[in-house]
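*Asks:* Sequence:
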Amino acid sequence: MSNDPNFTTAAGPATEELVFDASEAQRRRRPSRIVRVGDHLRREWQLYVMLIPTILWLAIFLYKPMYGLQIAFKDYSIFRGVANSPWIGLEHFQTLFGNDQFLRALKNTIIISFYGLIFGFPMPILLALMFNEILKQTFKKTAQTIVYLPHFVSSVIIAGIVITAFSPSAGIVNTFLGWFGVEPIYFLTKPEWFRPIFVGTGIWQEAGFQSIVYLAAIAGVSPTLYESAVVDGASRWQMMWKITLPSILPTIIIMLIIRIGNMLEVSFEMIILLYQPATYQTADVVNTYIYRQGIQGGQYDLAAAAGLFNAVVAFVLVMTANAISKRFSRTSLW
135 MSNDPNFTTA
145 AGPATEELVF
155 DASEAQRRRR
165 PSRIVRVGDH
175 LRREWQLYVM
185 LIPTILWLAI
195 FLYKPMYGLQ
205 IAFKDYSIFR
215 GVANSPWIGL
225 EHFQTLFGND
235 QFLRALKNTI
245 IISFYGLIFG
255 FPMPILLALM
265 FNEILKQTFK
275 KTAQTIVYLP
285 HFVSSVIIAG
295 IVITAFSPSA
305 GIVNTFLGWF
315 GVEPIYFLTK
325 PEWFRPIFVG
335 TGIWQEAGFQ
345 SIVYLAAIAG
355 VSPTLYESAV
365 VDGASRWQMM
375 WKITLPSILP
385 TIIIMLIIRI
395 GNMLEVSFEM
405 IILLYQPATY
415 QTADVVNTYI
425 YRQGIQGGQY
435 DLAAAAGLFN
445 AVVAFVLVMT
455 ANAISKRFSR
465 TSLW
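Adding 134 to a residue's 1-based position in the sequence shown gives its number in the working numbering.
Watch out, some of these pointers could steer you wrong.
[Stated by the list, open to error] Keeping only pairs whose Cα atoms sit at most 20 angstroms apart, straight-line, the calculated EDC-like set for lysine to aspartate or glutamate is:
1. 241 - 340
2. 241 - 399
3. 275 - 326
4. 274 - 340
5. 241 - 403
6. 376 - 267
Note that these hints are calculated values from the structure, not bench results.
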């Protein structure tokens with residue numbers, strides 16, 4: 135073979151040309167994206183027909199109301215309507231951040247959500263792990279039914295139970311304290327007691343039902359892992375820490391991202407039922423502020439601005455949590 139750098143075999147250019155022609159022919163034969171989508175719709179049209187009611191519900195009740203978000207930037211009047219109300223820009227947001235009540239509500243929302251995340255988020259995981267360790271099926275099913283039950287009870291009834299339990303006259307809590315000589319305490323009028331009572335009520339009501347997700351994840355763990363651990367002499371505690379928890383970690387991360395995204399969505403109904411003016415200092419949250427300003431006070435534009443701020447912060451939180459999780463654990467919502 136010649137050492138000349140300009141030397142080219144006769145077969146070289148011809149081979150490259152043939153490969154190029156074959157690639158072009160394959161590209162021309164490949165159907166376009168529109169054709170592929172059309173073929174897919176023709177094959178799976180029954181599934182999309184079944185989706186129509188859900189799509190309509192989303193469009194009518196979730197996306198159509200977004201048209202009204204513009205009143206957050208308008209001096210809204212119910213007589214002029216959304217379209218004819220004058221634009222005022224960011225004036226409502228300036229009013230919000232100069233309002234002590236809104237800042238107090240925002241602070242309370244963050245604190246209550248943080249307490250709920252720290253104390254409430256691990257509880258369903260612990261319950262699922264404990265249920266998984268119960269061998270007697272009768273006791274296991276009975277215990278699960280008991281802890282699931284509060285989720286299916288109306289928030290009004292749950293609030294009534296809490297109010298009765300902490301009543302200074304006949305409540306079981308004050309009765310118990312009275313046995314030790316403690317004077318009755320009207321817990322629900324004490325600002326310092328509202329947050330612990332609210333967070334504890336939320337854990338009692340929802341932890342059992344939320345544990346179903348983790349129980350389902352545990353059920354998907356391969357039994358061969360436990361069998362190998364038994365052969366190696368691992369204890370139940372070691373199997374829990376070395377097999378069960380690492381196996382359900384992706385589920386825990388996904389649920390944590392969702393929980394962080396909902397941090398500003400504190401249970402509105404329960405707070406309305408439990409709080410009172412005496413506890414506004416620690417109980418008033420963004421959603422109750424929106425309710426008082428928008429529904430009771432008729433300031434729909436200001437309430438819309440507060441709600442929009444709430445939604446934007448939630449969006450930023452879930453995007454940030456998802457990005458961090460994807461970077462460090464390679465588990466994410468998308």
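*Asks:* Tell me if the straight-line CA distance from residue 241 to residue 399 falls inside 20 angstroms.
*Replies:* holds, 13 angstroms
*Asks:* Does residue 267 sit within 20 angstroms of residue 376, going by the straight-line distance between their CA atoms?
*Replies:* holds, 14 angstroms
*Asks:* For a C-alpha distance cap of 20 angstroms, please report whether residue 241 and residue 340 respect it.
*Replies:* violated, 24 angstroms
*Asks:* Does residue 403 lie within 20 angstroms of residue 241 when you go C-alpha to C-alpha?
*Replies:* Measuring from Cα to Cα gives roughly 19 angstroms; hence the hint holds.
*Asks:* Is the hinted pair residue 274 and residue 340 satisfied, with a Cα-Cα distance of at most 20 angstroms?
*Replies:* holds, 18 angstroms
*Asks:* CA of residue 275 to CA of residue 326, is that 20 angstroms or under?
*Replies:* violated, 37 angstroms
Consistency note: the structure conflicts with the earlier hints numbered 1, 3.
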